[in-house]
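As given, the protein sequences belong to chains Y and U, one line each in that order.
Our numbering numbers the first residue of the first sequence as 4 and each following residue consecutively.
Our numbering numbers the first residue of the second sequence as 19 and each following residue consecutively.
It cannot be assumed that every hint is accurate.
If we take Cβ atoms under 8 angstroms as the criterion, some of the chain U residues that face chain Y in the derived model are [to be verified]:
id : residue
1  : 174
2  : 229
3  : 230
4  : 252
5  : 342
Examples of chain Y residues lying across from chain U (beta carbon under 8 angstroms, computed) [stated by the list, open to error]:
id : residue
6  : 29
7  : 33
8  : 45
In case anyone wonders, no lab produced these hints; they're calculated from the structure.
From the three backbone atoms N, C-alpha and C, an ideal C-beta is built for every residue, glycine too.
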Amino acid sequence: MRALDVTGRATAAVFGGYALAALVAAACARWLPMARVEAVVAGMLVSFAVYAAVAIFAFASRSAARAWIGLAAIGVPLAVALAASLHGAAA
Amino acid sequence: MNGVNGGLRQSMAWLHTWAGLLVGWLLLAIFATGTSAYFQDEITRWMQPEITGVRQPTRAAEGAVTWLTAHQPDADSWSIALPGQRAIASTVYWRQAGEDRSAARDNTLTLDGNGQPVVSRPTLGGAFLYRMHFDLHYMPVIWARWVVGFCAMFMLVAIVSGVITHKKIFADFFTLRFGKGQRSWLDAHNLSAVLALPFHLMITFTGLVTLQSLYMPWGVAAAYPNKAAYFADAFGSESPPVRSGEPAPMASLGGMIAQARKVWGGAQPGFIDIALPGDRHGVVRLFRSGGDAMDAREKTLLFDAATGHMHPLPAAKGGASATESTMVGLHAGRYAPYALRWLYFLCSLAGTLMVATGLVLWTAKRRLQLPDPDRPHLGFVLVERLNIATVAGLPLAFACHFLANRLLPVRMDDRATWEVHAFFIGWGAALLIACVQRPRRAWLAVLMLGAAAFAALPVVDELTTERGLLPSLARGDGVFVGFDLTMLALAAALGTAAWKLYRRPAGARRKHAAIAAGADA
Numbered sequence: 004m005r006a007l008d009v010t011g012r013a014t015a016a017v018f019g020g021y022a023l024a025a026l027v028a029a030a031c032a033r034w035l036p037m038a039r040v041e042a043v044v045a046g047m048l049v050s051f052a053v054y055a056a057v058a059i060f061a062f063a064s065r066s067a068a069r070a071w072i073g074l075a076a077i078g079v080p081l082a083v084a085l086a087a088s089l090h091g092a093a094a
Numbered sequence: 019m020n021g022v023n024g025g026l027r028q029s030m031a032w033l034h035t036w037a038g039l040l041v042g043w044l045l046l047a048i049f050a051t052g053t054s055a056y057f058q059d060e061i062t063r064w065m066q067p068e069i070t071g072v073r074q075p076t077r078a079a080e081g082a083v084t085w086l087t088a089h090q091p092d093a094d095s096w097s098i099a100l101p102g103q104r105a106i107a108s109t110v111y112w113r114q115a116g117e118d119r120s121a122a123r124d125n126t127l128t129l130d131g132n133g134q135p136v137v138s139r140p141t142l143g144g145a146f147l148y149r150m151h152f153d154l155h156y157m158p159v160i161w162a163r164w165v166v167g168f169c170a171m172f173m174l175v176a177i178v179s180g181v182i183t184h185k186k187i188f189a190d191f192f193t194l195r196f197g198k199g200q201r202s203w204l205d206a207h208n209l210s211a212v213l214a215l216p217f218h219l220m221i222t223f224t225g226l227v228t229l230q231s232l233y234m235p236w237g238v239a240a241a242y243p244n245k246a247a248y249f250a251d252a253f254g255s256e257s258p259p260v261r262s263g264e265p266a267p268m269a270s271l272g273g274m275i276a277q278a279r280k281v282w283g284g285a286q287p288g289f290i291d292i293a294l295p296g297d298r299h300g301v302v303r304l305f306r307s308g309g310d311a312m313d314a315r316e317k318t319l320l321f322d323a324a325t326g327h328m329h330p331l332p333a334a335k336g337g338a339s340a341t342e343s344t345m346v347g348l349h350a351g352r353y354a355p356y357a358l359r360w361l362y363f364l365c366s367l368a369g370t371l372m373v374a375t376g377l378v379l380w381t382a383k384r385r386l387q388l389p390d391p392d393r394p395h396l397g398f399v400l401v402e403r404l405n406i407a408t409v410a411g412l413p414l415a416f417a418c419h420f421l422a423n424r425l426l427p428v429r430m431d432d433r434a435t436w437e438v439h440a441f442f443i444g445w446g447a448a449l450l451i452a453c454v455q456r457p458r459r460a461w462l463a464v465l466m467l468g469a470a471a472f473a474a475l476p477v478v479d480e481l482t483t484e485r486g487l488l489p490s491l492a493r494g495d496g497v498f499v500g501f502d503l504t505m506l507a508l509a510a511a512l513g514t515a516a517w518k519l520y521r522r523p524a525g526a527r528r529k530h531a532a533i534a535a536g537a538d539a
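One chain only, chain U, in its complex shape (with noise of 0.2 angstroms):
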């Protein structure tokens, strides 16, 4: 076959490149904010420092209903998320009579392992950056959503030209020349691809398997009537409860909770519905928690919640939706134990490198044939200047969006916000500097704001905390340890590379070139 540039491997080297480069920015923040997001529990806990205790979902559970009768007896509903795995607090949420789903962002609180209101600085803690990753911000989240999916369809389009192009993939297992401009960039992403390969493609094509329904209706369109048919199958149809008007208390959830418990194989619920609190007629809905098993999926169990009697259970699922239930799981990942997780993070890091590497490697190949490196033509202008900004600038966003959590003060207005704001505050400031400086300089620049950033993030913890790096260690708290030690580690990564680009004389670059193209020849 004959492509787009002469033969096969040509024109998937040309598909690759240019279905990489389109979409390569964004796809860096979504790939960043998704490695992030592995740890979300984590960076809840860290940034919400007043928080302390241990999980008790039970005892949590049962605290929430406690305060929720006394504090909100009229509601039309209450839900209770209850900490995962790797958190402590809970969060309630109610709506009255009247209100739509939206009004859960006012009416909303806290609660420590106790089941306690605690009060902790707002937040949207590790949440802001799990739903960055495929809701984005500033934008209506539909919109974003079918953005996030185009670029990850671009991608696992790059991964299979990528693949085709290659001639030596067991090779580059084992490569990695420093110090050769191009061809330590080329190497850098040949390792950082296909050393974790599988992951790459699992996680791209899982990702778009999550938002499946929204990005492929047609199958619904052809087989139902209409969307809500669909669901009513796939998820099952409880038509909502009618008001009695008649009181009648709840019957103990702590033992919904144990009937749930038996029927899921110990699996803990990660979320409670209870629809017409207070009245014969409400019901209450458990939601197996995420982090118990790998399918990802929510099983559901219904209960009446005056007399704690469960509804027949639902159907169990066919191979293919539980087969997209296993993707989905395997995208998100709740299920990992730690040294599972810390895995996906190194994996998900790879895949981060890969896009960066992959974009930088786009200027270092065609700054050689520029007929004048001092003057540029306009794309590869934008592309350096894009690159400075997303690859240097997206560690400073994360670094800003942290500070802020311990700068900003605690009751100030809107400070959930912005938090939110000083990451795009930090990258935009990024992206200023690549504007304004000439690349070298913005390059390190930016490098150096950040490693500052990341670098003062302990020191930070721990003039404003009382759980800094040391008492933490003391304490033997391994969250708070651990965030701290991946801030410093990553000052140290943006250091080096700060270094390594201040050590290399601005002329070398060219020779460099010159050695890389001598090899092409």
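So that you can see chain Y by itself, here it is in the shape it has in the complex (with noise of 0.2 angstroms):
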């Protein structure tokens, strides 16, 4: 199925790669030793070439499923680890 592979990819590269540019956006903002404000910053600089690498790597993939399970190894346990920093600093 091309239309359904071609859909996968471009929704891995548009919502995939914003979603995974917002976490190191935030993981930046959190972990990089500077001033929090340089930090957030910096992670805001960096989060666009993440935003296009995502999108390079969604369409290099020898398939959608791929992409999408490539963005998940990474995605899944940043957002797991910004979770906990988050919650541990509210408690």
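Hints in hand, dock the two standalone chains.
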């Protein structure tokens, strides 16, 4: 199913890419060893490169499924660590 | 790796094609308006032919305060936008207690180089094209910025995938084969892309950075309790002054500017904000001019209005903030002196041509694969018509906008708004022609209309103002001479394109296509 494959890759690129970029921006903001405002700005700067890289990766992968698996392999642990860190800060 | 279409290069070519096509038309408008914005100040000066004289920021600032003191003594705040490096006029704004920021649109006055009120035709000047570049028009600004950011992200992906697609980037520097149909379009696309590739990458990435806290607020959300706390950290937080009720004349603004220039290594202020003017608690805020340094984020200094005493200096920026500020400065190019400014303009023009040739290439490449070239499928028709409407239509829109500035009655109601409408009327006319005419005739008609409109501009300028090409040449007025000559150059470019198309018999296209197909095989 070519249409399904293309849709899978495109959503991985557009939505998965944004999600991972946002996670990286948040991770930088929390964990980069620099002044808080600098870490936030550094995270934003890096995030667009992450977004572009994910889009390229999504279309270079062997299949849409692999693209999504690759994204999840990085994104899920990052999201879990961030959630734990944010929750810990709130407690 | 095996991508969407077999090998890596194939899948990147596929991604490049579709990422580029999907946002290509809007991207063309963004690129074209952005290119013109490098001469925003010059466009404003041309669109306000009544304003003459020279730039004198300190004098203008003091003149503005004199006028505001006489006419708006009770306002809650005054603002003065001083002329940048290449501008003359200043604009003052004021706000009464209880009015919100949007009131500034009505409470505004233009001052000449001496700070005297000047009556000029109502116009947005170069500011319309500049704002159109990222705020579009006829839609809420925030939506527009998301749309533009979406296009910019696609552009970034199209650039990266385009580079990967390429086999011989160095050879493309030197290759431009004319008159070979699809080949020529491919060469032109490669040439305009490769020649200014570092610029295209820089401008796209830094464009995203200019609005990054809108696009990527998640770092702020993760590290700060709220946005206000972040902005206070990033840009400093001085709580607004509270009215004392005790009147106090303002200390010398010129003196405050002199102090600021000492701190800024000679740079001028570009914007002045005066809160509670005439009150003992009044505060003057000076923003450094964007034109005097490469990092764009304004550096601000605060002064007590009554005494002229400077508040303590804000903390120096860290590495990341300085990087961001410099990226924004690189994008806007406000620091660039004329030689570099023209280079910016030419690189950006190459980017515009890269998008335009990419769009045309899409149809040139597929025309030979059509089962029946006289009855193309719907997708092909859509792309072809939209190409005519934007690639040929956008120049026409620019020309209509400038013509409206000279031809609309000077005292007309909503004049500035109608100048902007003229841009979209011209663009809409191109779309209409593209929809009702056969493609070849539509290309010819819109290109020739654009050429005629641009060629008419210096003539209309000569007839309606005293600052036409010849008098300006005699006066040595580089801005007006440059503007009119640029219009003539655009007329010549569009006219040449129309002539080439006219000279090429309708059937030749298919023959060229056959040659190109043979060369590919």
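Each hint, compared with the structure:
Evaluation of the residue 174(U) hint against chain Y yields a held restraint, the C-beta minimum of about 5 angstroms falling below 8 angstroms. The beta carbon of residue 229(U) comes no nearer than 10 angstroms to any beta carbon in chain Y, farther than 8 angstroms, and the hint placing it at the interface is violated. Given the 8 angstroms rule on beta carbons, the hint for residue 230(U) holds: about 4 angstroms separates it from the nearest Cβ of chain Y. Of the supplied interface hints, the one on residue 252(U) holds, with its beta-carbon coming within about 5 angstroms of a beta-carbon of chain Y, less than 8 angstroms.
With 8 angstroms as the threshold, the beta carbon of residue 342(U) comes within range of chain Y, its nearest partner Cβ sitting at about 5 angstroms, so the hint holds. Hint status for residue 29(Y): holds, given a least beta-carbon distance of 4 angstroms to chain U, under 8 angstroms. Because the smallest distance between the Cβ of residue 33(Y) and any Cβ of chain U comes to about 5 angstroms, under 8 angstroms, the interface hint for this residue holds. The closest approach between the C-beta of residue 45(Y) and any C-beta of chain U is roughly 4 angstroms, which is under the 8 angstroms cut-off, so the hint is satisfied.
In the structure shown, a violation is registered for the earlier hint numbered 2 alone.
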